[in-house]
Amino acid sequence: MIDRERGVAELLEQLMVVVEFGRAFSAFVFRICVFIYRVGSPDSIPRRERIKATNREDDPNRSRILKGTTPSAGTGEGLSLDSEVLEATD
1 MIDRERGVAE LLEQLMVVVE FGRAFSAFVF RICVFIYRVG SPDSIPRRER
51 IKATNREDDP NRSRILKGTT PSAGTGEGLS LDSEVLEATD
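FYI, full-length UniProt numbering numbers position 83 of the sequence shown as 83, with every residue one higher than the one before it.
Worth flagging that the hints you see were computed from the coordinates, not collected in a lab.
Among the hints, a few may not be true.
To be verified - Pairwise CB distance ranges (calculated):
no., residue 1, residue 2, range
1, A27, R4, 41 to 49 Å
2, Y37, V17, 28 to 36 Å
3, V34, I2, 44 to 52 Å
4, D3, C33, 40 to 48 Å
5, F30, I2, 53 to 61 Å
6, I36, Q14, 41 to 49 Å
7, I32, E10, 27 to 35 Å
Just so you know, even glycine gets a beta-carbon here, dropped at the ideal spot from N, CA and C.
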């Protein structure tokens with residue numbers, strides 16, 4: 001009888017260890033998901049939309065983007081390419 005109680009106590013102890021590990025692991029996964037959500041959502045949505053816009057055939061800026069005449073980031077100045085490169089892309 002004492003051996004049976006000891007066996008049950010050991011099983012319960014092992015079960016408690018597994019439960020604690022499960023809690024810690026789920027908290028870790030939850031924190032990773034929150035981190036990915038916070039990093040990925042606010043700033044990347046406009047960027048994704050810009051990428052989609054440049055890939056559309058009916059976008060009026062597509063030819064300017066492909067030819068390199070769009071304003072460069074933050075300066076407002078247009079990019080310039082050699083005429084040879086422009087002829088090759090036409």
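Check: Measuring from beta carbon to beta carbon, are A27 and R4 in 41 to 49 Å?
Finding: Because 35 Å falls outside the window, the suggested range is violated.
Next item on the list: Mind checking the hinted window 27 to 35 Å against the Cβ distance between I32 and E10?
Entry: About 33 Å separates the Cβ atoms of I32 and E10, which means 27 to 35 Å holds.
Notebook entry, point to check: Does the hinted range 40 to 48 Å hold for D3 and C33 at CB?
Noted result: Because 45 Å falls inside the window, the suggested range holds.
Note to self: Given the hint of 28 to 36 Å, is the C-beta distance from Y37 to V17 inside that range or not?
What the structure shows: holds (31 Å)
Notebook entry, point to check: Quick one: are V34 and I2 within 44 to 52 Å, going by C-beta?
Noted result: holds (48 Å)
Next item on the list: Note whether the CB distance of I36 and Q14 lies within 41 to 49 Å or breaks it.
Entry: violated (33 Å)
Check: Falls inside 53 to 61 Å, the C-beta gap from F30 to I2?
Finding: violated (42 Å)
In this structure, the earlier hints numbered 1, 5, 6 are contradicted, and the remaining ones agree with it.
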